[in-house]
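Peer 1: Here is how the chains run, residue by residue.
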Amino acid sequence: MGSDKRQTKFLLPERDIPAKWYNIQADLKTPLPPPLHPGTHQPLGPADLAPLFPMELIKQEVSQERWIEIPDEVRDFYRLWRPTPRYRARRL
Amino acid sequence: MAQVYYNKKEGVQRLSTETGAGQWGSALAMACQMFGLQCKVYMVKVSYQQKPYRRILMETWGAQVVASPSPDTESGKKVLEADPDSPGSLGIAISEAVEDAAKREDTKYSLGSVLNHVLMHQTVIGLETKKQLDRADDEADVLVGCIGGGSNFAGFSFPFIADKLSGKKKKLRVVAIEPSACPSLTKGKYVYDFGDTVGLTPLVKMHTLGHSFVPAPMHAGGLRYHGMAPLICKLYDEGVMEARAVSQLATFEAAVTFARAEGILPAPEAAHAVRGAIDEALRCKEEGRKRTIVFNLCGHGYLDLSAYEAYMAGKLQDYEYPAEKVAEALRGLPSVKG
Numbered sequence: 708m709g710s711d712k713r714q715t716k717f718l719l720p721e722r723d724i725p726a727k728w729y730n731i732q733a734d735l736k737t738p739l740p741p742p743l744h745p746g747t748h749q750p751l752g753p754a755d756l757a758p759l760f761p762m763e764l765i766k767q768e769v770s771q772e773r774w775i776e777i778p779d780e781v782r783d784f785y786r787l788w789r790p791t792p793r794y795r796a797r798r799l
Numbered sequence: 418m419a420q421v422y423y424n425k426k427e428g429v430q431r432l433s434t435e436t437g438a439g440q441w442g443s444a445l446a447m448a449c450q451m452f453g454l455q456c457k458v459y460m461v462k463v464s465y466q467q468k469p470y471r472r473i474l475m476e477t478w479g480a481q482v483v484a485s486p487s488p489d490t491e492s493g494k495k496v497l498e499a500d501p502d503s504p505g506s507l508g509i510a511i512s513e514a515v516e517d518a519a520k521r522e523d524t525k526y527s528l529g530s531v532l533n534h535v536l537m538h539q540t541v542i543g544l545e546t547k548k549q550l551d552r553a554d555d556e557a558d559v560l561v562g563c564i565g566g567g568s569n570f571a572g573f574s575f576p577f578i579a580d581k582l583s584g585k586k587k588k589l590r591v592v593a594i595e596p597s598a599c600p601s602l603t604k605g606k607y608v609y610d611f612g613d614t615v616g617l618t619p620l621v622k623m624h625t626l627g628h629s630f631v632p633a634p635m636h637a638g639g640l641r642y643h644g645m646a647p648l649i650c651k652l653y654d655e656g657v658m659e660a661r662a663v664s665q666l667a668t669f670e671a672a673v674t675f676a677r678a679e680g681i682l683p684a685p686e687a688a689h690a691v692r693g694a695i696d697e698a699l700r701c702k703e704e705g706r707k708r709t710i711v712f713n714l715c716g717h718g719y720l721d722l723s724a725y726e727a728y729m730a731g732k733l734q735d736y737e738y739p740a741e742k743v744a745e746a747l748r749g750l751p752s753v754k755g
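Chains A and B are the protein sequences, given in the same order.
The number in our numbering is simply the position in the first sequence, starting from 1, with 707 added.
The number in our numbering is simply the position in the second sequence, starting from 1, with 417 added.
Isolated chain A, as found in the complex:
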């Protein structure tokens, strides 16, 4: 690749903003212990979380899919500040 040996900032173009989020739950050796209802101490169902969270986020909370698509509208907002730069801390 032959990058400049004094290069300090490593920048990516906007097209390299990820198109999917990575869900580590797909790769765990054993599943995460389930969250429990504060009153009954029984594993929570989606209906328990619906008063607090929209259904799409409840689904993501328990998903076992390795990659979840980032909606275009969200990815567009990421363009305001992403990708963020990597810096070589040569002076530290």
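Derived by calculation from the structure, the hints in this document are not laboratory data.
Accuracy of the hints is not assured; some may be wrong.
Cβ-to-Cβ under 7 Å is the rule here; a few derived chain B residues that face chain A [what the hints assert, rightly or not]:
(1) 419
(2) 423
(3) 427
(4) 430
(5) 518
(6) 526
(7) 547
(8) 548
(9) 576
(10) 579
(11) 616
(12) 647
(13) 651
(14) 664
(15) 749
As a list, the in silico EDC-like pairs of lysine to aspartate or glutamate whose alpha-carbon atoms are at most 20 Å apart [claimed, not checked]:
(16) 712(A) - 551(B)
(17) 586(B) - 555(B)
(18) 736(A) - 772(A)
(19) 716(A) - 679(B)
(20) 716(A) - 555(B)
(21) 581(B) - 556(B)
(22) 587(B) - 734(A)
(23) 736(A) - 659(B)
(24) 548(B) - 711(A)
(25) 588(B) - 551(B)
Only a predicted model underlies this, so the values are computations on that prediction, with no experimental measurement involved.
All C-beta atoms in this analysis are idealised placements derived from N, C-alpha and C, irrespective of residue type, glycine included.
Start from chain A and add chain B according to the hints.
Peer 2: Coordinates of chain B only, in the frame set by chain A:
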């Protein structure tokens, strides 16, 4: 952004949330403004008082910000009755924000860390970092990040941990740095506990200092949550990642060293990662080994200059959360069978 997007899609008009030093509150305030939702932020009282410019930033983005514990909720009133001078905690602020959402049809709750989906949304950080390293033919040997609830650390490290779990990069070290004033991983117990102080949230299995934990007001370094993301806790418990607690003075010393060398002023929270990275580099020097150390600078310190002022005036002290206090708070853990 992601959380606000999915809430908007479902027709939600207002979000409530908690914030400590204010970075998460600022992020949600901005996202709500851009998607056209109202936003109410319960900010830990001691931070509300110490960091007025964070509050002003959130208000500039249209959020309503109150100091927690507040008289706006029954949870807040209960805490104020017991202790009118309570400096507040993230646990208390979460109780208030959850109660707010549960009582209003037009409001849902948005959490800044801990939950699986919140951590997952942050993985854009680690995914970009991997690409940046690949393009420069660099390979990380050690990853270092600060850890409070786990969101920035997970976002940064999980895409790399994927390679560790698959066996592709077995030797990669992943190091989480937490404050000695709030040592959830290094001194907490890995059990089921409430996510908030009052007991409104689900019980999750995590390293916890006990849901009644309130950090010492002298602690300026943030990262003050009593628990930790369950995903992080599982990986720590299984030895996939390491954790170390560092003291406040050593953290600010690292921050000032970094600012003077590199020209960037880290947030007190991010300074924990700087401390960890410097320590790893010093270890390399002692061992005579070359390693590529990558750390996540998760925030700037330009709205936390009062903390730097206190440090440079010699007003900060180290505080190590005492074992007796850990034991006392853990006695209040909910009893969960199995």
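Peer 1: Taking the hints in turn, state whether each one holds.
Peer 2: Outcome of the hint check:
Contact between residue 419(B) and chain A, as hinted, is supported at the beta carbon level, the nearest pair being about 5 Å apart and thus within 7 Å. With a cut of 7 Å, the hint placing residue 423(B) at the interface with chain A holds, because the nearest CB-to-CB distance is about 4 Å. Taking 7 Å as the C-beta cut-off, the interface hint given for residue 427(B) holds, the closest approach to chain A being about 4 Å. Checking residue 430(B) against chain A: minimum C-beta separation of about 12 Å lies over 7 Å; hint violated.
Hint status for residue 518(B) relative to chain A: holds, with the closest Cβ pair at about 5 Å, below 7 Å. Given hint, residue 526(B) at the interface with chain A, holds; its Cβ is 4 Å from that chain's nearest Cβ, closer than 7 Å. Because the closest C-beta pair between residue 547(B) and chain A is about 10 Å apart, greater than 7 Å, the hint is violated. Below 7 Å, beta-carbon pairs count as interface contacts, and residue 548(B) has one with chain A at about 6 Å; its hint therefore holds.
Here the hint on residue 576(B) is kept, as its CB sits about 5 Å from the closest CB of chain A, short of 7 Å. Of the supplied interface hints, the one on residue 579(B) holds, with its beta-carbon coming within about 6 Å of a beta-carbon of chain A, less than 7 Å. Checking residue 616(B) against chain A: minimum C-beta separation of about 6 Å stays under 7 Å; hint holds. A distance limit of 7 Å between C-beta atoms decides the matter here; for residue 647(B) the minimum to chain A is near 6 Å, and the interface restraint holds.
Taking 7 Å as the C-beta contact cut-off toward chain A, the hint placing residue 651(B) at the interface holds, the least distance being around 6 Å. The beta carbon of residue 664(B) is not positioned within 7 Å of any beta carbon in chain A (closest approach about 20 Å), and the interface hint is therefore violated. For the restraint placing residue 749(B) at the interface with chain A, the shortest Cβ-Cβ distance is roughly 14 Å, beyond the 7 Å limit, so the hint is violated. For the hint linking residue 712(A) to residue 551(B), the alpha-carbon distance of about 16 Å falls within 20 Å, and the restraint holds.
Between residue 586(B) and residue 555(B), the direct Cα distance comes to roughly 14 Å. Compliance with the 20 Å bound is thereby established for this hinted pair. Of the supplied pair hints, the one linking residue 736(A) and residue 772(A) holds, its CA atoms being roughly 14 Å apart against a limit of 20 Å. For the hint linking residue 716(A) to residue 679(B), the alpha-carbon distance of about 12 Å falls within 20 Å, and the restraint holds. Proposed proximity of residue 716(A) and residue 555(B) is supported: the alpha carbons are some 13 Å apart, at most 20 Å.
With a CA separation close to 13 Å, the supplied pair residue 581(B) and residue 556(B) stays within the 20 Å bound. Of the pairs offered as hints, the one joining residue 587(B) and residue 734(A) holds, with about 15 Å between alpha carbons and a cut-off of 20 Å not exceeded. Restraint check: the Cα-Cα separation between residue 736(A) and residue 659(B) comes to about 18 Å, which is no more than 20 Å; the hinted pair holds. Only pairs whose Cα atoms come within 20 Å are accepted, and residue 548(B) paired with residue 711(A) is accepted, the gap being roughly 17 Å.
Of the pairs offered as hints, the one joining residue 588(B) and residue 551(B) holds, with about 17 Å between alpha carbons and a cut-off of 20 Å not exceeded.
The structure is inconsistent with the numbered hints 4, 7, 14, 15, although it conforms to all the rest.
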